[in-house]
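This is what each chain is made of:
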Amino acid sequence: MLQILVNGVAAGARVLLVAVGFYLILRVARFLHLAHAVFITAGAYLAYALHRMVGIPFLPAICLSVVTCGVLGGVVEAMLYRPARKTASSLVLLLLSLGLYIAGQNIISLVFGDAPVIIRQWAPSTTFAMGSVTVTMHQVVSILVAVALVCALAVFLQSTRTGRMIRAVGSSGSLARVTGIRVDGIIVLVFVVGSAFAAIAGILACLEVDATPSMGLGMLMLSLVAVIAGWPQGLIGISVVSMVLGILQHLTAYYYGAQWQDVIAFGFLTAVFVLRGRRGMATFDSAAASG
Amino acid sequence: MDYICHIAVFVFLYWALAASLNLIAGYTGILSIGHSAFYGVGAYTAALLSLHLQTPFLVNLVCAALTCAALGLLVGGPTLRLRGDDFVVASFAFQIIIFNILNNWLIVTGGPMGLPGIPPPTVLGLTITSRWGFVVLSGVFAVTVAGLLAIVVRSPFGRVLQASREDEVFPAAMGKNVFLSKLLAFVISAAIAGCAGVIYAHYIRYIDPSSFTLMESVFIISIVVFGGAGSLWGPLVGAVVLVVMPELFRFIGLPHGVAANLRQCLYGVILAACMFWRPQGLVGDYSFGREEKPK
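Those protein sequences? They're chains V and X, same order as listed.
Last residue of the first sequence: 554 in the working numbering, with the numbers rising by one and none dropped.
Last residue of the second sequence: 309 in the working numbering, with the numbers rising by one and none dropped.
The following block holds chain V by itself, in its conformation from the complex (with noise of 0.2 Å):
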């Protein structure tokens, strides 16, 4: 029971790293940016890549790969959303950014095939036991770094200059833009920090299991549910639900079996969108509305 619970609570630190990364898009560019699924496996195959193709040592792999993401990231925004956004609704943008990440899985699998790649760093015998509970090496990897990076996110928009710009612009773009923001550079700005969270995350994945084309989106959907059960508690309610839904996956799977994990987190997104009736991602609304 404790072991699940050291599982779930690895796997959620993973969901957690995207969903933050999605979160912040979502409140400051204020759409469903789909296509953060592509920066996930980008991440993955960039590093596997670098390191296992061109051959470069593993920390410096995984540094270019995460940075080139966060660049790739930025450009797609500078160059695609940013010109569209002047005339376009979310749902368009929705559509275009599901458009993009269809057009971008599909040139991984180009390029990569659709075989699995994985890049293994340490044996899955390297453990820690602590009492009836096991720990590997990589799960400890994934925990903290994503507890690192969160901690260093929420610290970084609570108390520096930079930080409150970007809350102010995800509370009201055109009242930002009054006080003197750079809104556009701001939004660039998250799109980068956004999208080398979903790179490292895609990275943490592969060390573990197969990466594959479609790896992005599976993460991405769990962040989704995520974001959405958490959104009005901010980074602390999505913390939690993706803590939540990584150990209910591993409930899921030790009792029903691997295969119904999505339908359970997606039922249980379903259940937050019937109990919370008609205001949905209400502060998401209002906020587009008078933005």
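Mixed in with the good hints there might be a few duds.
[To be verified] Stretches of chain X that chain V covers, calculated by requiring three or more beta carbons in the stretch to come under 8 Å of a beta carbon on chain V:
| # | region |
| --- | --- |
| 1 | 95-106 |
| 2 | 115-129 |
| 3 | 231-241 |
No lab work stands behind these hints: they were computed from the structure.
Note that beta-carbon positions come from the ideal geometry of N, C-alpha and C, so glycine has one too.
Knowing the structure of chain V, use the given hints to seat chain X on it.
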């Protein structure tokens, strides 16, 4: 010739699917990424009925329409109160759940192995086995659907839908029940998608969950937005272009795996490019949620 007939059948099926999605997405302004779930439920209803109870085609058609309508009622009831992006996510959840049920409920749906051996349909005493027969069957179906929807959108009910797309409060202030109208539109749209699934199942005669994925829903959306959401001819234009164009890849002689990826990549690029340059589609005049940002 068989090959051209095969493409024609799919053009008609996707025309009907896109036209039914257009009622809810184009005319009502509620974007659903779960349309292929209804398509799949219709196909599986027909397959299960004809395999286990040997029911005739028309009975399957009616049963599938009723099943999908009931499912539409069940899903639409709680979710249609959500707005814009929330509903997109809810329909996404519905799509994932239905796909997983089709894929994993082994005893009933056969899981990834699917259901083989679906008999050819018999309509008015005629058993349809030839490709030409299917072209006629799917053609009649698609034209009926398109005609029916053309009448619906011009009716007072259709005008309520379009009014609620532009401004939800106004038709409500006129004493119209906006929520019930949306729900009815969603149910009609679901029932039509189910019927398309029945024809698909009887045509292909072997169905498996891979035909009813998220990608399939995205493809139907692409047809709607490419042709033009909220226009009568948009779905036809979109279906012709998007079904026929990738077939051209077959003549370049790419390996199968590459061609499949390239095709999907093309759909993605088309969808993105369409949203970027022309959100109202080729022949449409409405782009999603335009009313949220007055110019």
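Status of each hint after checking the structure:
1. 95-106: holds (count 10)
2. 115-129: holds (count 3)
3. 231-241: It holds, with 4 qualifying residues against the three required.
Consistency with the previously given hints is maintained throughout, with no hint failing.
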